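J.: In the working numbering, the protein residues as written are 71 to 170.
Read the hints as simulated data drawn from the structure, not as lab findings.
Since the structure is predicted, the reported quantities are computational estimates derived from the model, not experimental observations.
Keep in mind that a hint or two might mislead.
Taking CB as the label site, the calculated pair distances span [unchecked claim]:
(1) N131 with P163: 17 to 23 Å
(2) A157 with R122: 46 to 52 Å
(3) Q112 with L158: 52 to 58 Å
(4) Q103 with K130: 28 to 34 Å
For every residue, glycine included, the Cβ atom is placed at its ideal position computed from N, Cα and C.
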Amino acid sequence: MPNIRVLRDIKARKGVAANEITRRAYLFVARNQSLPAQVRYQAQLQLNSFGRYTRPTTVKNRCTETGRGRGIISEFGLCRFQFRQKALAGELPGVHKASW
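Assemble the whole structure, with the sequences as input and the hints as a guide.
T.: In structure tokens, the structure reads:
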């Protein structure tokens with residue numbers, strides 16, 4: 071069973087994916103200097119009304135096993151320690167210990 075950090079990261083990824091196009095549209099309007107100030111202001115208010123887990127900055131790479139947020143090998147989604155443990159156990163296809 072994944073821990074709460076992993077579940078929160080999954081929730082954030084789903085929220086960002088679901089609202090990405092709408093957020094980008096509002097962001098484009100809010101930053102477009104050729105539009106009237108009132109329109110840009112309304113777009114900024116709409117951006118601010120989005121929930122916490124719709125912002126791309128809330129997504130953080132975490133280990134899928136432990137929830138650790140540092141030392142993540144993104145290709146496998148594991149932290150370095152879990153990657154080493156699984157590689158030594160032979161659970162990762164195509165990964166083996168280097169020999170001298």
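J.: CB of Q103 to CB of K130, is that within 28 to 34 Å?
T.: 32 Å, holds
J.: A range of 52 to 58 Å was offered for this pair. Does it hold for the Cβ distance of Q112 and L158?
T.: 57 Å, holds
J.: Using the C-beta atoms of N131 and P163, is the stated range 17 to 23 Å upheld?
T.: Since the Cβ atoms of N131 and P163 sit about 21 Å apart, the hinted range of 17 to 23 Å holds.
J.: Within 46 to 52 Å: is that where the Cβ-Cβ distance between A157 and R122 falls?
T.: 36 Å, violated
Violation of the numbered hints given earlier is confined to hint 2; every other hint is satisfied by the structure.
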